[in-house]
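**Q** Put the two chains together into one complex, using the hints given.
Same order as they appear, the protein sequences are chains A and B. Under the numbering used here, the first residue of the first sequence carries the number 747, and numbering increases by one thereafter. Under the numbering used here, the first residue of the second sequence carries the number 104, and numbering increases by one thereafter.
Any given hint could be a false lead.
[What the hints assert, rightly or not] List time: in silico EDC-like cross-link candidates among lysine to aspartate or glutamate, alpha-carbon distance up to 20 Å:
hint: 1; chain 1: B; residue 1: 220; chain 2: B; residue 2: 382
hint: 2; chain 1: A; residue 1: 1037; chain 2: B; residue 2: 426
hint: 3; chain 1: A; residue 1: 1022; chain 2: B; residue 2: 311
hint: 4; chain 1: A; residue 1: 996; chain 2: A; residue 2: 876
hint: 5; chain 1: A; residue 1: 855; chain 2: A; residue 2: 845
hint: 6; chain 1: A; residue 1: 1037; chain 2: B; residue 2: 257
hint: 7; chain 1: A; residue 1: 1034; chain 2: B; residue 2: 268
hint: 8; chain 1: A; residue 1: 857; chain 2: A; residue 2: 816
hint: 9; chain 1: B; residue 1: 186; chain 2: B; residue 2: 198
hint: 10; chain 1: A; residue 1: 865; chain 2: A; residue 2: 994
hint: 11; chain 1: A; residue 1: 1022; chain 2: B; residue 2: 438
hint: 12; chain 1: B; residue 1: 186; chain 2: B; residue 2: 215
hint: 13; chain 1: B; residue 1: 225; chain 2: B; residue 2: 180
hint: 14; chain 1: B; residue 1: 439; chain 2: A; residue 2: 1038
hint: 15; chain 1: A; residue 1: 927; chain 2: B; residue 2: 410
hint: 16; chain 1: A; residue 1: 865; chain 2: A; residue 2: 881
hint: 17; chain 1: A; residue 1: 1034; chain 2: B; residue 2: 438
hint: 18; chain 1: B; residue 1: 173; chain 2: B; residue 2: 183
hint: 19; chain 1: B; residue 1: 144; chain 2: A; residue 2: 795
hint: 20; chain 1: A; residue 1: 1034; chain 2: A; residue 2: 876
hint: 21; chain 1: B; residue 1: 186; chain 2: B; residue 2: 211
hint: 22; chain 1: A; residue 1: 927; chain 2: B; residue 2: 413
hint: 23; chain 1: A; residue 1: 1037; chain 2: B; residue 2: 198
hint: 24; chain 1: B; residue 1: 220; chain 2: B; residue 2: 179
hint: 25; chain 1: B; residue 1: 398; chain 2: B; residue 2: 350
hint: 26; chain 1: A; residue 1: 849; chain 2: A; residue 2: 993
hint: 27; chain 1: A; residue 1: 1014; chain 2: B; residue 2: 322
hint: 28; chain 1: A; residue 1: 849; chain 2: A; residue 2: 994
hint: 29; chain 1: A; residue 1: 1003; chain 2: A; residue 2: 989
hint: 30; chain 1: A; residue 1: 1034; chain 2: B; residue 2: 426
hint: 31; chain 1: B; residue 1: 329; chain 2: A; residue 2: 1020
hint: 32; chain 1: B; residue 1: 408; chain 2: B; residue 2: 382
hint: 33; chain 1: A; residue 1: 1037; chain 2: B; residue 2: 438
hint: 34; chain 1: A; residue 1: 1037; chain 2: B; residue 2: 183
hint: 35; chain 1: B; residue 1: 329; chain 2: B; residue 2: 311
hint: 36; chain 1: A; residue 1: 865; chain 2: A; residue 2: 1028
hint: 37; chain 1: B; residue 1: 225; chain 2: B; residue 2: 183
hint: 38; chain 1: A; residue 1: 1022; chain 2: B; residue 2: 357
hint: 39; chain 1: A; residue 1: 872; chain 2: B; residue 2: 426
hint: 40; chain 1: B; residue 1: 186; chain 2: B; residue 2: 224
Keep in mind the hints are simulated off the structure, nothing from the lab. Keep in mind that this is a model prediction, so the values were computed, not measured.
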Amino acid sequence: MQLRRTVAFLGVAGVIALVWLVVPPLSGQQRTPTGPQFPSAYRAARAADGHPDLNGLWQAFVTANWDLEDHEAQPGPHSELTGAYGAGPAGQSIVEGGEIPYKPDALAKKKANFENRLKVDVSNDKTWHDLGDPEMKCYMPGVPRATYMPFPFQIVQGTSPYILMAYEFTGATRIIRMDWKQAAPTDAWMGWSRGRWDGDTLVVDVTGQREETWFDRAGNYHSDALHVVERYTPVSPHHMTYEATIEDPKVFTRPWKISFPLYRRMEKNLQLLEFKCVPFTEELLFGKFRKEAAR
Amino acid sequence: MRHRLCSSITLLAVVIAVGLVAPAAGQGPSTTGPKKYNAPKTPWGDPDLQGVWNDATSTPLQRPANVGEKDVLSAEEAEEFQKSLAHDLTRDRRDGGNAADVNRAYNEHWMDARRLKITADKRTSLIVDPVDGRIPVLATVPPDRQKVRAARAEGAARFAAGLPDNYTDMSWPVRCVVRTDVPPYLPTIYNNNFQIFQSPGYVVIGPEMIHSARIIPVDGRPHLHKGLRQWLGDTRGHWEGSTLVVETTNFRADEGVLFQNANPATFTITERFTRVAPDAVNYEFTVADPTTWSKPWTALIPWNKVDPGEQMFEYACHEDNFDIVHFLTGARVREKNGETVGQQRPARAGEER
Chain A
747 MQLRRTVAFL GVAGVIALVW LVVPPLSGQQ RTPTGPQFPS AYRAARAADG
797 HPDLNGLWQA FVTANWDLED HEAQPGPHSE LTGAYGAGPA GQSIVEGGEI
847 PYKPDALAKK KANFENRLKV DVSNDKTWHD LGDPEMKCYM PGVPRATYMP
897 FPFQIVQGTS PYILMAYEFT GATRIIRMDW KQAAPTDAWM GWSRGRWDGD
947 TLVVDVTGQR EETWFDRAGN YHSDALHVVE RYTPVSPHHM TYEATIEDPK
997 VFTRPWKISF PLYRRMEKNL QLLEFKCVPF TEELLFGKFR KEAAR
Chain B
104 MRHRLCSSIT LLAVVIAVGL VAPAAGQGPS TTGPKKYNAP KTPWGDPDLQ
154 GVWNDATSTP LQRPANVGEK DVLSAEEAEE FQKSLAHDLT RDRRDGGNAA
204 DVNRAYNEHW MDARRLKITA DKRTSLIVDP VDGRIPVLAT VPPDRQKVRA
254 ARAEGAARFA AGLPDNYTDM SWPVRCVVRT DVPPYLPTIY NNNFQIFQSP
304 GYVVIGPEMI HSARIIPVDG RPHLHKGLRQ WLGDTRGHWE GSTLVVETTN
354 FRADEGVLFQ NANPATFTIT ERFTRVAPDA VNYEFTVADP TTWSKPWTAL
404 IPWNKVDPGE QMFEYACHED NFDIVHFLTG ARVREKNGET VGQQRPARAG
454 EER
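Pulled out of the complex, with its shape left as it was, chain B reads as follows (with noise of 0.2 Å):
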């Protein structure tokens, strides 16, 4: 058990060193048009939205090349698009020789099993504003952020080789400091639970990546004074109509929390949580970082409940953190043995290149 979770988080940071996370499965209801449905209240009048959802898809973050201007497909098409994703995505697939096989098998055991299937609305990217579906990338990023990008890849380079320094040469996520419990929530390849609690005044979401809480008060207090920043930054709700509004400040300056390294002195995020079906939320975020993206982006994300058997499970990642000792270790063997950070060496089990 501790030994798959420590590869997992070698998975990971794979994959987050990639820069974008690989997205995952989930079935959600239309997410076009006008909605009828009327959301439960708790017995103090605000929309419910206790329970545990998870948002795993395979709808891709940001619209493929091969599927042109189409943003959402027929259902011939979507078939299709779900099938070649699933083929890349999963691991339980038998061609590239024994080796490779049961490489896959090994890591497809703890995969999130949703994360195979695109969104209910047959969409070509989670992402729905701007119209292409793409990250809006600014074409001159500004020099003080390239310096900080350049230091941070030096790190990332030594690490991805194999070769780290130190254990500052790892991501956030490898070093277990936070996970995928930074908004926005972006689906992963597992562990793509979260559980909603409520009680007058708060609203409270419980991310499986880390354990942590994410506290949200919905009773109109302003927010910690500037000067109080925080890892998750700091945390308000209001309610518009069934939405609830989430905007979060605070973000302490360290580089590299957040998504595609965004500047935390001028990033802005704002979230939006609908409950749209008694199985389904409807996850939107809005981020804006005007020395990342040339304009705000909107992705739209549904979150599906998950059976209440089946349950939260605490996800501990420092307490176990055998990897950050492992890389080092191997790192140090591998300095001795006259290996450099250009030099290529042979991908390891599990690895994705």
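Here chain A stands alone, though its shape is the one from the complex (with noise of 0.2 Å):
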């Protein structure tokens, strides 16, 4: 009896043993702590100008528009009016390390935007932008937030040297002037972008942005001296690797980094359609100039 019983428990520990030797082990799926891992020899197709095709529409699907940092999930601006709509999903940070490097008054600054995040007083030109996250106000996104506002956008590769990234939210459009060393002419809500190939990576160097945009609806925010540069990396023929490395020394301590994938937008005909918000703002912007008669 006893000696069955040990028989029986040796063949188990047997079969255990040898299983554990067949199939790979665990551990070895867990060297990568975020998540799956695309086979790193992935070569892209060729798009007509020999460079890989990074044509097609694209989408993150983080909610890094909320807060580029760790969020909790939270509740619209009015949720005594709309309830659970507007809210705010929860989601972890895309930022290398976790927080962004701010010096301490400019951390004040974020607190003070996030707090001042719904208020509009459009009343002074001088004052226009001082308070309201620009996205309520539909002002055009600038880099990177465009690329993971919860919208799609479309890249368009053709011959010349332009590459163009369309961009659902306002119809913001920016143009990736290939091979272009030139300084900002002047700036613009999308920023001047240069871009150039790094192997099968994308790279585009963007300045000249207007310093009024913000990152997020946290308030997180940049100076007119912020430089980024973005690393667009296909890993799979529905995949890129989006990164972008941003630099402000007005207003972080150092340079720091996001990181996160770009889907591609696999529905059959799809398009980018339009999102005009301006007719959505203007009540909100400009409805306290009417008329007392017509109020």
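**A** Below, the structure is given as structure tokens:
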């Protein structure tokens, strides 16, 4: 009896040992704590310009537009009227290391931005941009925010020295000027983008962005010294890795980095639709200036 | 820069309020007769339209009465025609006293100089059909359309008098909802650039004003379902030889978006883009609306290639639309001063009456 049990135990142990040896250990899959990994040797299909073909509609599925850093679920601005509509989902930081390295004064401004994110006062040209999240006012979002807003964007890559990125949100567009070396001739809401290929990665250097854009609804912001370097790396026919290094010595103690995947939108005949949000903002911005009798 | 932009909004508002966008400059190749030019092709076989193009010209959309029935001018006549149009359009002139001169100089700065030249083929109108070069306006506008127009006219009159009740009295371009990105594309006083991008299955037109991209599938896919409408419609393209033929449908029902307040429910438009030289594209459009025009009409506008060194700039509009607040706060002050809509006030700086 005792012997038989022992033999049975050894038999089971032997089977376990065999499985242990034959089946790849679980710990091997845990080497990538951030999730599944794409084969590193992926070689993207080529576009007409001989470089990786980035043409298509793409979208991020992170919640960074609410907050680049870790954030809990939150009610919408007027939940007493709208319930769960407009509420923000929880999300994990897309910032390398978790936190944005603000200078102390700048962190205070970020917090003030958040407190004032729903306020608007356009009665004075000089203080026009002082209050409110630019997204709420339907202003072009700038880079990198345009990339992780909850809207698709389309890349148009032909043979000219320009790659177009067209975003659904407020129809914002930016022209990636390939191998262009000039300084930004003036500031623009979507900045001035210089592109180059680093192997299979499209590297885009962005300067000349208007200082008024924000990074998210949490009030994360930058100054007129913002310098963004983006990297778009195809990792499968349907995915790209997006990375952006953000540098702004007036606001941050050091450059910092965000990264997340971009997903190809696969629906048949999908197209970018209009999101002309200006009419959604006019009453908020301009309603108070109407004629008294017309109120 | 911002201030200039906003003043430009004011001026464009006035121009659009007049109903006919002031035509501007540009030289194209001869647009008459068959073309032998073989347009270059993209590696995937589509005619190559990529580049930055400018449609400015002083040739008016409609043939002016003083040229009679002449559709194409001789070299001498053309020179005189161009000179006369340029005199009316330019602000770089000294007559009228110092104040007028300064006002004009202020505005001239951001005007498109290309708008002072007639088309290279010396036509007297951009309209090529009907042959009289005039828009075939409808003699009797249907009552429901008259009503729509009258309603819009009230707000427009308040705005023109400097007394808008509300932002809703202003036109869509003034409100930065749409601008010269609504087809058909017509030359105006500035920002006449269009950048064309192509990739397999797509042609994309980026009008400078506003910044949106008109993404045109050329892969044979169907239009959106009728119920899904957009401010700029839904556009599909196909190739006929070397010509890109573009059909746009699904316009929203908002009034005042389309040219001459055409009816979105009955308006149709076909546009044709043909590369006719290394540095020129012919842009031809045919529009029809039986509740606005007695028959369809067609215009041909040369698009001229812009030096690649001359960049497209971002045209932001709503982001710094200070004017909308200035108009409204100004109107509230005028009300307090007892001004009313019928009362004529002096012209303001840069304003064309």
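**Q** Which numbered conditions among the earlier hints are violated in the structure presented, ordered from lowest to highest?
**A** Going through the list in order, the structure violates hints 10, 11, 23, 34 and 35 and respects the others.
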